[in-house]
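Visitor: Chains as they are written, first to last, in the numbering used here: chain A, 1 to 213; chain B, 1 to 258; chain C, 1 to 280; chain D, 1 to 201.
There could be a bad hint or two in this list.
[To be verified] Dumping the calculated BS3-like pairs for lysine-lysine here, alpha-carbon to alpha-carbon at most 27 Å:
{"no.": "1", "chain 1": "C", "residue 1": "198", "chain 2": "A", "residue 2": "33"}
{"no.": "2", "chain 1": "C", "residue 1": "114", "chain 2": "D", "residue 2": "192"}
{"no.": "3", "chain 1": "D", "residue 1": "192", "chain 2": "C", "residue 2": "164"}
{"no.": "4", "chain 1": "C", "residue 1": "238", "chain 2": "B", "residue 2": "56"}
{"no.": "5", "chain 1": "C", "residue 1": "114", "chain 2": "B", "residue 2": "257"}
{"no.": "6", "chain 1": "C", "residue 1": "9", "chain 2": "D", "residue 2": "24"}
{"no.": "7", "chain 1": "D", "residue 1": "24", "chain 2": "C", "residue 2": "158"}
{"no.": "8", "chain 1": "A", "residue 1": "174", "chain 2": "C", "residue 2": "9"}
{"no.": "9", "chain 1": "B", "residue 1": "37", "chain 2": "A", "residue 2": "33"}
{"no.": "10", "chain 1": "A", "residue 1": "10", "chain 2": "D", "residue 2": "83"}
{"no.": "11", "chain 1": "D", "residue 1": "158", "chain 2": "B", "residue 2": "37"}
{"no.": "12", "chain 1": "C", "residue 1": "114", "chain 2": "C", "residue 2": "196"}
{"no.": "13", "chain 1": "C", "residue 1": "53", "chain 2": "B", "residue 2": "56"}
{"no.": "14", "chain 1": "C", "residue 1": "274", "chain 2": "C", "residue 2": "9"}
{"no.": "15", "chain 1": "D", "residue 1": "192", "chain 2": "C", "residue 2": "238"}
{"no.": "16", "chain 1": "D", "residue 1": "83", "chain 2": "A", "residue 2": "74"}
{"no.": "17", "chain 1": "C", "residue 1": "9", "chain 2": "C", "residue 2": "53"}
{"no.": "18", "chain 1": "C", "residue 1": "164", "chain 2": "C", "residue 2": "53"}
{"no.": "19", "chain 1": "C", "residue 1": "46", "chain 2": "C", "residue 2": "196"}
{"no.": "20", "chain 1": "D", "residue 1": "196", "chain 2": "C", "residue 2": "238"}
If you are wondering where the hints come from, they were derived from the structure by calculation, not from laboratory data. No experiment lies behind these values; they were computed from the predicted model shown.
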Amino acid sequence: MEVTSMSVLKRREVAVFMTALAGIAVIADYFLKVPILNTAVADLLRWGVILASFMLIWGTISMIRIHADVIRKKTPNQWYYSVWLVFLMVVFVAVSLIQGLAGPSSRWMYDSIYVASSSTYYSILGFYMISASYRAIRARSGEATLLLVIAVIIMLMNAPIGAAVWEGIPALGKWIVDVPNTAASRGYIIGLAIGAVILGVRTLAGRERGYLG
Amino acid sequence: MLVSGRIAALGALVIVIVVYAWLLNRASKGKVPRIRKMAGFDAIEEAVGRATEMGKPVFFTPGISGFDHADSPQTIAGLTVLRHVAKLTARYKARLIAAVSKATVLPVAEETVRQGYLEAGRPEAYEPGMLRYLSDEQFAWAGGCIGIMHREGIATNIMVGNFMGESLLLAEAGYQAGAIQVAGTANRSQIGFFVTVADYCLIGEEIFAAGAYLFQDPVQLAGLGAQDVAKWIAIGAVALGIILNVLGIPVLVNLLKM
Amino acid sequence: MAGEDAWTKLGRIDPRILYALLIIVLIIPIITPVGLPIPITDQTRKTYEAVEKLPPGSVVVCSMDTSGAAWGENGPQAVVVLKHLFQKPLKIVVVGFETDGPMLGQQALLQIPKGEKKYGEDYVNLGFIAGGETARAAFGRDIHKLVSRDFLGNPIDKLPIMEKVRNAEDFALFFTFTSLISAVEMYVRQLHAPYKTKVVAAIIGLGVPSIVPYYNAGQVFSILSGSLGAAEYELLTKMPGEGVRLSDALSLSTLLVVACVVVGNVAFLAVKKKRKEEKR
Amino acid sequence: MDFALLGSFVAVVLTLLIYSFLYKENRFYRFAEYSFIGVASGYWLMVAINNLQSVAWGPIIKGNYLYVIPLILGVALFARLSKGYSWLARWPVAVVVGTGTALALRGFVDAMFIGQIRATIAAPMNFDNLLIAVITVCSLFFFMFTVEHKGPIGIVAKIGRYGLMVYFGVLFGNHVMTRMALLTSRFIEIQKFLLKVLGLA
């Protein structure tokens with residue numbers, strides 16, 4: 001008896017049912033004014049927030065596991081980086097536990113290591129922008145030509161110097177952003193919304209189960 | 001009981017669900033909507049053929065995302081295209097190199113390629129070495145892809161999935177390697193780079209049509225059909241609304257404010 | 001023949017030469033600022049005037065939905081807006097729905113002059129709330145039931161400011177400093193649609209074109225566009241800072257990109273034309 | 001010891017190590033990369049724990065015992081580590097996905113479908129707003145998949161495609177601005193450090 005009830009719970013359908021139940025409640029909550037439902041969904045949302053923090057913790061643990069694996073196997077050219085990574089992580093957690101997350105030591109590490117490196121890391125893209133503009137970005141078709149002409153006008157508008165190149169640039173740029181850009185991106189948004197709704201319906205109906213692993 | 005101001009939205013949602021259910025039902029009876037021609041997908045065959053002629057490899061990547069994000073539909077679309085590419089490389093006897101950026105994607109991608117080779121009737125030609133897992137880190141992965149493009153002298157570069165800051169880097173490397181490039185993403189901020197650097201482009205939502213277009217998957221075809229009905233509704237509403245607006249009749253606006 | 005060689009060569013320049021050029025173009029204006037004029041856009045002015053006109057005691061939320069990587073643009077925005085808010089008799093709530101947010105918010109709070117304002121009475125940092133869209137919806141609904149402590153670990157029931165801040169209906173203005181289009185869209189869905197909250201999207205420049213339709217539809221109250229938006233706001237508040245400092249280098253480097261696109265394409269078209277002629 | 005100055009020094013060294021990648025991929029670059037991921041993951045862990053204290057532990061202490069349920073569900077996430085009980089981990093995921101999907105869905109219909117259509121037709125009818133309506137419709141036609149792009153619809157879809165190119169062009173231009181701003185702000189950091197060291201600031 002015990003075994004059969006367990007194996008029922010193990011089935012994916014149970015999880016699919018939970019997804020559907022939570023989803024339908026949240027949707028109904030938006031359109032209906034039913035106090036019991038509204039209160040229950042407010043609680044459900046807060047549960048979601050709690051579960052999301054667990055997911056964040058899970059993510060960090062998975063990452064430690066990957067690096068622990070690398071260290072254990074002594075993967076060549078790799079394991080000492082992983083040691084360093086785990087070391088910094090442990091130090092950060094230790095100082096935050098002692099002084100608090102908003103304490104001076106964690107802020108110091110966060111600022112001088114994390115913010116400095118991550119912002120540098122992405123700023124490298126500025127360099128690539130230059131080389132690609134020169135070496136790869138081409139007016140290879142009518143569409144690409146239009147795109148590039150617009151891009152150049154917008155760049156000149158964004159650079160305060162643009163008005164010096166031609167005084168009509170700021171006004172023209174603003175019109176492009178406000179009219180054709182608004183329109184096309186609105187079409188894009190409406191299409192996106194429709195796609196998301198269909199995908200959502202499919203998920204809540206249990207026809208999309210990829211997320212269950 | 002209904003919350004005022006949201007009734008129009010509820011109506012739209014109900015319509016979409018009903019239409020979708022109806023189309024799914026039709027699809028289960030084998031009646032599916034026909035899908036328009038899409039140059040980006042059609043170009044893949046030509047691109048793979050070129051690799052065979054030149055005796056150089058085809059490179060593929062499904063982008064930077066895995067399955068645990070809002071972007072996972074893009075990864076799935078990329079893998080659907082990979083299945084098609086694998087089928088073609090098997091048929092045309094071209095060499096395939098596919099690089100993934102997330103460890104979780106690797107087993108799925110392996111299965112996908114194996115499936116493609118099986119569908120082409122050449123399961124024996126599949127080798128696990130066709131797939132490379134480079135790194136979970138953004139630039140380590142991108143750097144690895146660029147290395148492959150240059151070292152192997154690829155003839156064809158196909159990139160479909162979610163791409164972020166590395167999009168331009170990869171497209172530039174493919175261009176420098178002299179490859180014919182087919183690129184697609186639903187990441188709005190990056191599409192412009194693909195349009196200006198790649199030879200063929202799949203724009204936004206187009207990549208999500210992969211399963212329907214390349215494999216005639218009935219569930220996905222029904223989904224696309226339902227989306228198009230919703231787009232017709234949007235188009236009709238805008239057209240009617242503009243006419244009524246010009247005539248000074250605010251009835252539709254008021255209806256949508258309900 | 002010689003001409004073709006030159007064009008082809010021009011198209012195949014070592015990228016490191018271009019990198020060096022860029023470095024020069026960035027360093028010169030940093031060392032000797034040119035002070036190019038910065039025109040002020042309507043949207044920035046609208047934001048500024050909205051803050052100026054807020055009645056005393058209004059609650060302004062500053063949600064830090066950014067990351068270390070994007071802080072180069074969001075940082076100057078957040079600093080100047082917070083400086084301005086702290087000069088006014090307003091209540092300021094800092095919060096973050098992306099992991100990096102509250103720490104960066106804390107750094108920004110430490111940088112700016114606080115004037116008469118006291119922590120817990122006039123301003124507070126509620127820290128990070130996990131859960132993305134779900135967290136944003138729950139925050140708008142009822143803050144007290146959602147959060148029990150601030151970023152420093154104080155129970156929020158003991159903070160006087162929180163008596164005035166219970167849910168989205170208390171927000172006079174809601175700033176999001178963000179690198180994510182999706183973050184702004186979540187507020188459109190979870191704060192503006194149900195509560196008509198006035199959301200100001202202080203977003204990196206890259207995100208602006210995708211946000212404009214929401215602004216046009218009144219779903220986003222106004223937009224601060226990247227570091228340029230920060231520079232404009234600095235000029236309006238007469239507190240020039242990081243944004244203004246960035247703007248000269250920004251102008252010159254953007255011009256370099258334009259030049260690269262133009263030269264690269266001229267070379268490309270020249271080679272293409274020549275090939276066509278040879279085929280004839 | 002001046003910790004602020006030391007901090008700036010570390011930041012500048014890491015910045016230069018990362019830029020060395022522009023010359024060639026190298027060990028220093030990876031060292032810097034792993035440094036930031038190490039600190040970041042420590043930070044993420046701490047921030048998640050803090051968040052739990054605030055949103056879960058706080059209410060439970062106050063006597064709201066209902067919050068024990070999500071706490072247990074959250075712990076169930078770690079059942080993935082065991083072979084026999086990994087199915088338990090699906091439950092919290094199911095709740096999160098169900099809530100998140102539905103929240104997005106209801107907002108998408110209201111704010112982005114109805115909301116954007118309403119904005120298009122409620123605007124005062126001048127040339128610009130009419131043009132916005134026309135291009136919006138054309139771009140929707142471009143994204144139609146079950147209609148062949150031939151004849152009049154082909155022309156309309158083509159206009160839509162060109163409209164989208166304008167949008168991507170604007171994105172491209174703004175993209176350059178963001179990239180250059182982020183790059184410049186790193187250079188300003190280096191300059192600040194140098195001025196401090198030289199005693200000029």
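Visitor: All the hints need checking, so say for each whether the structure fits it.
Guide: Here is what the structure says about each hint:
1. C:198 / A:33: 24 Å, holds
2. C:114 / D:192: 24 Å, holds
3. D:192 / C:164: Answer violated: residue 192 (chain D) to residue 164 (chain C) is near 40 Å, above 27 Å.
4. C:238 / B:56: Answer violated: residue 238 (chain C) to residue 56 (chain B) is near 61 Å, above 27 Å.
5. C:114 / B:257: 43 Å, violated
6. C:9 / D:24: This hinted pair holds, its Cα atoms lying about 22 Å apart.
7. D:24 / C:158: 55 Å, violated
8. A:174 / C:9: 37 Å, violated
9. B:37 / A:33: 46 Å, violated
10. A:10 / D:83: Between residue 10 (chain A) and residue 83 (chain D) the Cα gap is close to 12 Å, so the pair holds against 27 Å.
11. D:158 / B:37: 14 Å, holds
12. C:114 / C:196: Violated - the C-alpha atoms of residue 196 (chain C) and residue 114 (chain C) are around 30 Å apart, more than 27 Å.
13. C:53 / B:56: 66 Å, violated
14. C:274 / C:9: Since the Cα atoms of residue 274 (chain C) and residue 9 (chain C) sit roughly 14 Å apart, the hinted pair holds (cutoff 27 Å).
15. D:192 / C:238: Distance of about 22 Å is within 27 Å: holds.
16. D:83 / A:74: Roughly 26 Å between the alpha carbons, so the hint for residue 83 (chain D) and residue 74 (chain A) holds.
17. C:9 / C:53: 59 Å, violated
18. C:164 / C:53: OK: residue 164 (chain C) and residue 53 (chain C) at ~19 Å, within 27 Å.
19. C:46 / C:196: 17 Å, holds
20. D:196 / C:238: At roughly 26 Å apart (the allowed maximum being 27 Å), residue 238 (chain C) and residue 196 (chain D) satisfy the hint.
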